[in-house]
Amino acid sequence: ETGVTQTPRHLVMGMTNKKSLKCEQHLGHNAMYWYKQSAKKPLELMFVYSLEERVENNSVPSRFSPECPNSSHLFLHLHTLQPEDSALYLCASSQERDSSEFFGPGTRLTVL
Amino acid sequence: ELKVEQNPLFLSMQEEKNYTIYCNYSTTSDRLYWYRQDPGKSLESLFVLLSNGAVKQEGRLMASLDTKARLSTLHITAAVHDLSATYFCAVGPRDDKIIFGKGTRLHILP
Chain B
199 ETGVTQTPRH LVMGMTNKKS LKCEQHLGHN AMYWYKQSAK KPLELMFVYS LEERVENNSV
259 PSRFSPECPN SSHLFLHLHT LQPEDSALYL CASSQERDSS EFFGPGTRLT VL
Chain Z
111 ELKVEQNPLF LSMQEEKNYT IYCNYSTTSD RLYWYRQDPG KSLESLFVLL SNGAVKQEGR
171 LMASLDTKAR LSTLHITAAV HDLSATYFCA VGPRDDKIIF GKGTRLHILP
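In order, the protein sequence lines correspond to chains B and Z. Residue 238 in the working numbering is what sits at position 40 of the first sequence, and the numbering runs on without skipping anything. Residue 129 in the working numbering is what sits at position 19 of the second sequence, and the numbering runs on without skipping anything.
Calculated from the structure, these hints are not laboratory results. Keep in mind that the hints are not guaranteed to be accurate.
Output of the computed footprint for chain Z on chain B, the stretches with three or more beta carbons under 8 Å from beta carbons of chain Z [what the hints assert, rightly or not]: (1) 240 to 252; (2) 288 to 298.
If we take Cβ atoms under 7 Å as the criterion, some of the chain Z residues that face chain B in the derived model are [to be verified]: (3) S152; (4) L153; (5) S155; (6) V158; (7) K207; (8) I208; (9) F210; (10) K212.
These numbers were taken from a predicted model, which means no experiment stands behind them. We put the beta carbon where it would ideally sit given N, CA and C, even for glycine.
Please model the complete structure; the sequences and the hints are all you need to start from.
Now the structure itself:
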């Protein structure tokens with residue numbers, strides 16, 4: 199499989215649930231990103247990892263917890279989310295920070 | 111606080127015409143990005159501009175950056191229907207948060 203994959207593609211969860219979003223890239227890239235796209239707000243860059251170290255955390259609430267165990271995988275752990283966290287969560291990777299990114303298809307999250 | 115303003119937000123244009131999308135931002139920044147999004151699809155990275163005067167071109171799209179004017183432009187030459195999409199710019203200083211514009215929805219009429 200090539201490119202950037204995300205699982206699951208759709209997720210419905212209650213406010214008390216804990217779930218994780220997974221992103222995998224098969225491009226040999228060194229940087230990975232989480233973005234949030236909701237209907238009512240501009241796109242947000244949430245987290246940036248470069249060489250498995252978090253290099254940017256853009257004022258994201260602690261109920262979102264990223265994890266980058268290796269350069270090919272990125273997770274977003276979710277717990278006690280709010281309905282306003284319902285959004286499309288996009289993962290991306292790039293060869294290095296500030297080079298062109300390749301995006302996954304996204305996970306459509308609904309929080310009830 | 112950094113503010114990013116794109117205009118226009120909506121643009122309907124004829125094929126073969128030229129047009130420009132503007133991205134203005136409020137504070138000094140050294141990173142500017144352009145993205146494309148088709149309806150119901152993920153994002154596509156178009157250009158990364160990292161220095162004053164940077165100009166990049168890909169097909170019918172050309173992006174430029176003027177850091178002194180705090181302005182980037184995305185110029186479309188001889189538009190074709192396939193370029194219909196929403197275009198986003200994003201701006202951010204190297205040690206601070208990246209902020210996205212609201213996007214420009216471009217509709218190219220055959």
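Hints, one by one, checked against the model:
no.	hint	result
1	240 to 252	holds (count 4)
2	288 to 298	holds (count 6)
3	S152	holds, 4 Å
4	L153	holds, 5 Å
5	S155	holds, 4 Å
6	V158	holds, 6 Å
7	K207	holds, 4 Å
8	I208	holds, 5 Å
9	F210	holds, 4 Å
10	K212	holds, 6 Å
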